[in-house]
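So the protein lines, in turn, are chains A and B. Going left to right, the first sequence walks through residues 1 to 491 as the working numbering numbers them. Going left to right, the second sequence walks through residues 1001 to 1113 as the working numbering numbers them.
Misleading hints may appear alongside valid ones.
[Claimed, not checked] Cross-link-like lysine to any residue pairs, in silico, SDA-like; alpha carbons within 20 angstroms at most:
no.	chain 1	residue 1	chain 2	residue 2
1	A	K160	B	V1081
2	A	K160	B	V1052
3	A	K443	A	L488
4	A	K156	B	V1105
5	A	K156	B	L1066
6	A	K160	B	N1045
7	A	K156	B	P1008
8	A	K156	B	V1057
9	A	K160	B	Y1012
10	A	K304	B	L1110
11	A	K156	B	L1014
[What the hints assert, rightly or not] Simulated restraints, written as ranges between beta carbons of each label pair:
no.	chain 1	residue 1	chain 2	residue 2	range
12	B	A1086	A	F9	26 to 32 angstroms
13	A	M53	B	A1084	23 to 29 angstroms
14	B	L1038	A	G108	30 to 36 angstroms
In short, the hints are calculated from the structure, not lab data. Beta carbons are placed, not taken as given, at the ideal position from N, Cα and C, and that holds for glycine.
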Amino acid sequence: MTAIPIRDFLLLAPEIFLAVAGMAMLVAGSYGRDNGGNGHRGCSVCAVAALAMTGGLVFWLQGGREVPEVILSGMFVLDGYAFFWKILLLIAATLTIFLSERFVAEGGYRPGEYYALILFATTGMLLMVSGFNLLSIWISLELMALSSYILAGYFKHQLKSTEAALKYFVLGALSSGILLYGVSLLYGATGTLELAGLSDALSLAVAAGDGQVLVALGWLLLAMGLFFKVAVVPFHVWTPDVYVGAPTPITSFLAIASKAASFAVLVRIFYQGLAFLTPDWQWLTAALATITMIWGNLAALTQKNVKRMLAYSSIAHAGYVLIGVLTATEDGQWAVLFYLAAYTFITAGAFGTVVLLERRAYAGETYEDYAGLARRAPFLAASMMIFLLALTGIPPTGGFVGKIYLFAAAVEAGWVWVAVVGVLTSAISLYYYMGLIVQMYLKDAEDTTPEPLYAPGLLATVGLCAVITVLLGLLPGPLIELAKGSLLPLP
Amino acid sequence: MSIPVSVPIQWYFLLAGALFVIGALGALSRRNGITIFLSIELMLNSVNLLIVAYARVVGERTGDLLTALNGQILVLFVLAVAAAEAAVGLALFIAIFRGRRTIDVNRLNLMRW
């Protein structure tokens, strides 16, 4: 047995630092007496500082790598791919904390745990995208998931919030059990948990003859667990309820950070661990992407609640991203990276708008609450319109560019029918996104319509997201170059 | 690693598979929160059983102690995570019970499934 060099721990310093910062905040938070604005502000400033320092450490220790470096006896890998996701996830976590301004403080809950849990979940995500062994991937996935369950139920005196947390917990635990069962079958067939050697070991096991059932069952169950995490039909049942019931900043966190990290792991496992089975998972992914796009968009049509509509829209968007995953080409892969990066800003902005309209007892969620918003809050309405156009895929927004590249990659790789379904379902989605724009710009407000919350920081965050969404539509070049430089080797 | 496995690996496979299916069905069909939680624990433990059995087989097949250890270490981690999951799950049940005086999941219907 070889000793682990101390250098490996130093290279993992960003994640270790973030975990320690979360624990420190947990302890410090229990001493604070102020559950209102001041304690909250202090905690959020500390959390953002911790995330920024982690980002700096990631740049310093893990950035600029041409050749992947495997550390800690093959548990984690540092490569350009992981670097891209880590920066994106840190940005997503920071946006979540900005969105939490006022909202959580007004709920009257203690702030320390809230921010500590966001830091823990982010730690899990950072480790996840670096994971190079099914064991380390599963543990980091659980760290993310367990923190998310608690965050979803953070408003513990609101029945909806705890109900959402319980549904998330039960289905999440079920899916992680399924994922783990898949891992154990693959281990039985191949004797290895490392992604690097898994694909070759799989081909040996299948060639030997007796391992075929184990391999087939194993990778299917593993894929099911991963598809649950990214909320793909038919593993999406938890999504609408959890998105509606969870505190809105946390909904945004689940929709951007949790989803991006899960997609990063899904792509890494499919491309590196299951490379031998590429045609198999391509077909499975194509089938699920088609069902997901159709069902997600059709279900979103009938929604009256904006958070629920955004939940179904996030399911549909998982379907679009799967198009890029299934191509197994370089173009498809960087399109996935670009799309999820753009989606992070679009969705954070859209949920930020919901936060600004929300009051206690969950007002500001129905379509009617948005009536006449253009007159009452022109800036907010304009931002929301940009996000909705981007989600539909209308230029000049980042959503349009991302979708074009995803569909183009699918057509080039010969998956024309999937791209056609994508275009058609995007057309369907125009209807329900437009419904909200019509409410904001053409309907008049009634007296009962809630006024937007006055929170300058939150408004600035939403504005920033809107600006980035448009910038990504007009000047997608730099991000595309960045994504092209962060690819995994093809299966 | 020269001791032969007296019970064939297929038996472990079948037992673990049966436990896993019982757990999954229980988690999906039971109404009481605690029973659902126990079913999920059953699923995780069936995985543990399977991994330990496979670790033995894999170790014999490759003659490499380290590959066998990989599986056993995985089991230890699964146990630790299951304990963490229990803490979170039971805390959630308590929070729900305080609000509603029941943990019957069929009555958790503020939002449609």
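Hints versus structure:
1. A:K160 to B:V1081: Status violated; Cα separation ~27 angstroms.
2. A:K160 to B:V1052: 40 angstroms, violated
3. A:K443 to A:L488: Given that 20 angstroms is the threshold and the Cα spacing comes to 48 angstroms, the pair is violated.
4. A:K156 to B:V1105: Holds: A:K156 and B:V1105 sit about 17 angstroms apart, inside 20 angstroms.
5. A:K156 to B:L1066: Cα-Cα ~46 angstroms, so violated.
6. A:K160 to B:N1045: 31 angstroms, violated
7. A:K156 to B:P1008: 49 angstroms, violated
8. A:K156 to B:V1057: Cα-Cα ~47 angstroms, so violated.
9. A:K160 to B:Y1012: 42 angstroms, violated
10. A:K304 to B:L1110: Since the Cα atoms of A:K304 and B:L1110 sit roughly 15 angstroms apart, the hinted pair holds (cutoff 20 angstroms).
11. A:K156 to B:L1014: 42 angstroms, violated
12. B:A1086 to A:F9: 26 to 32 angstroms: Cβ of B:A1086 to Cβ of A:F9: about 30 angstroms, so the range 26 to 32 angstroms holds.
13. A:M53 to B:A1084: 23 to 29 angstroms: Taking Cβ atoms as reference, A:M53 and B:A1084 lie about 26 angstroms apart, which means the hint holds.
14. B:L1038 to A:G108: 30 to 36 angstroms: 34 angstroms, holds
Hint check: violations occur at hints 1, 2, 3, 5, 6, 7, 8, 9 and 11; the rest are consistent with the structure.
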